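Novice: Sequence:
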Amino acid sequence: MKTVRNSAKAIIIADGKLLAIKNVTEGTVWYLLPGGGQNHGETLVEALKRECVEEASIEIEVSDIVFVRDYISMNHEFAEEDNGAHQVEFMFECSIKGNTQPVKGAEADPWQTGVGWLPLNRLQEYSLYPSQLRKLLYHGIPLNYPVYLGDIN
9 MKTVRNSAKA IIIADGKLLA IKNVTEGTVW YLLPGGGQNH GETLVEALKR
59 ECVEEASIEI EVSDIVFVRD YISMNHEFAE EDNGAHQVEF MFECSIKGNT
109 QPVKGAEADP WQTGVGWLPL NRLQEYSLYP SQLRKLLYHG IPLNYPVYLG
159 DIN
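Just so you know, we're using the working numbering here: the sequence shown kicks off at 9 and counts up by one.
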């Protein structure tokens with residue numbers, strides 16, 4: 009029986025730009041929010057703080073939850089690559105502690121090549137996933153938007 013995986017993600021916006029994890033597979037560049045899977049016995053906030061250190065070498069302050077999404081891979085374009093994955097992502101508004109500049113972390117995933125600051129008004133130009141974030145974050149973190157986004161990619 010397959011299980012559902014929880015994942016915590018950071019929405020970090022500074023100077024009109026979104027912090028994203030830069031990845032490359034088979035020559036294709038794509039971006040994700042910093043963050044990752046929750047371990048047993050770990051809160052979502054603890055998972056998010058750990059993942060931001062691992063992926064971007066930053067310590068963060070975690071604020072409010074902004075979005076929750078299901079990702080059921082069989083319903084999307086990466087069904088074969090993601091091998092039947094079902095993940096629930098909890099996206100939090102965050103900020104970087106101190107003046108630390110994000111860089112590729114020591115425990116980054118093998119396909120991660122770095123980090124990048126993506127201009128909010130140009131998000132449509134990037135392969136950012138979930139792709140709905142390109143519209144949702146165009147003007148920054150939206151106010152009064154439904155938190156649960158459903159099964160999106």
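These are computed hints drawn from the structure, not numbers from a lab.
Be a bit skeptical, because a hint or two may be false.
Claimed, not checked - Mimicking DSS-like on lysine-lysine, the simulated pairs with C-alpha atoms at most 30 Å apart in a straight line are:
{"no.": "1", "residue 1": "LYS105", "residue 2": "LYS143"}
{"no.": "2", "residue 1": "LYS143", "residue 2": "LYS30"}
{"no.": "3", "residue 1": "LYS25", "residue 2": "LYS143"}
This structure is a prediction, so every number in the text was calculated from the model and none was measured.
Novice: Could you tell me which of the numbered hints above are not met by this structure, giving the numbers in increasing order?
Specialist: none
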